[in-house]
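K.L.:
Sequence:
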Amino acid sequence: MYLNDMLSLHQKLSICLSHIFTLLIIFKMEKFSRSVLSLVIFMLVLLVTEMRPMAVEGRTCETKSSEYKGICLFDANCDSVCKVEPGFDGGHCHGFFRRCYCTKPS
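Count along the sequence shown from 1, add 22, and you get the number used in my numbering.
Keep in mind that the hints were calculated from the coordinates and are not lab data.
Check the hints yourself; a few may be wrong.
The calculated lysine to aspartate or glutamate pairs, modelled on EDC-like cross-linking and capped at a C-alpha distance of 16 Å, are [claimed, not checked]:
{"hint": "1", "residue 1": "Lys86", "residue 2": "Glu107"}
{"hint": "2", "residue 1": "Lys105", "residue 2": "Glu89"}
{"hint": "3", "residue 1": "Lys86", "residue 2": "Asp101"}
{"hint": "4", "residue 1": "Lys126", "residue 2": "Asp111"}
{"hint": "5", "residue 1": "Lys86", "residue 2": "Asp111"}
{"hint": "6", "residue 1": "Lys105", "residue 2": "Glu84"}
{"hint": "7", "residue 1": "Lys34", "residue 2": "Glu84"}
{"hint": "8", "residue 1": "Lys91", "residue 2": "Glu107"}
DEER-style ranges, computed between Cβ atoms [as the list claims (entries may be wrong)]:
{"hint": "9", "residue 1": "Pro127", "residue 2": "Phe64", "range": "37 to 45 Å"}
{"hint": "10", "residue 1": "Gln33", "residue 2": "Cys83", "range": "35 to 43 Å"}
{"hint": "11", "residue 1": "Lys34", "residue 2": "Cys83", "range": "34 to 42 Å"}
{"hint": "12", "residue 1": "Glu89", "residue 2": "Leu68", "range": "13 to 21 Å"}
Beta carbons: idealized from backbone N, C-alpha and C, even for Gly.
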């Protein structure tokens with residue numbers, strides 16, 4: 023397992039900040055221009071945001087409701103009908119002909 027995998031985001035940020043402060047002490051603040059300091063802080067922010075875990079989005083399956091009859095005008099009505107149908111957790115009105123489609127995570 024790599025060291026990056028074992029360290030938390032807080033620990034990584036602490037390590038990066040300690041390196042920046044070490045650089046500031048070595049080069050002395052008066053010699054370190056503000057633009058260079060701003061660039062270092064900006065690079066630190068980019069580095070920390072790139073290290074965070076990426077989110078994975080799940081897909082949602084849509085199926086035309088077998089129980090809902092007629093034109094679907096209100097999402098709330100479609101949602102309540104779909105929740106009664108087995109395997110579905112909700113629904114919404116969709117399409118040109120305004121049909122009720124039930125949804126479930128895949």
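K.L.:
Each hint needs a verdict: does it hold in this structure or not?
P.N.:
Status of each hint after checking the structure:
1. Lys86 - Glu107: 11 Å, holds
2. Lys105 - Glu89: With a Cα-Cα distance of about 11 Å, the restraint between lysine 105 and glutamate 89 holds, given a limit of 16 Å.
3. Lys86 - Asp101: 12 Å, holds
4. Lys126 - Asp111: Satisfied, since the Cα-Cα distance of roughly 6 Å is no more than 16 Å.
5. Lys86 - Asp111: Roughly 13 Å between the alpha carbons, so the hint for lysine 86 and aspartate 111 holds.
6. Lys105 - Glu84: 13 Å, holds
7. Lys34 - Glu84: Violated: lysine 34 and glutamate 84 sit about 42 Å apart, past 16 Å.
8. Lys91 - Glu107: 13 Å, holds
9. Pro127 - Phe64: 37 to 45 Å: Hint holds: Cβ distance 38 Å, inside 37 to 45 Å.
10. Gln33 - Cys83: 35 to 43 Å: 40 Å, holds
11. Lys34 - Cys83: 34 to 42 Å: Holds: the Cβ-Cβ distance is about 38 Å, inside 34 to 42 Å.
12. Glu89 - Leu68: 13 to 21 Å: 51 Å, violated
Of the numbered hints stated above, those contradicted by the structure are hints 7 and 12, listed in ascending order.
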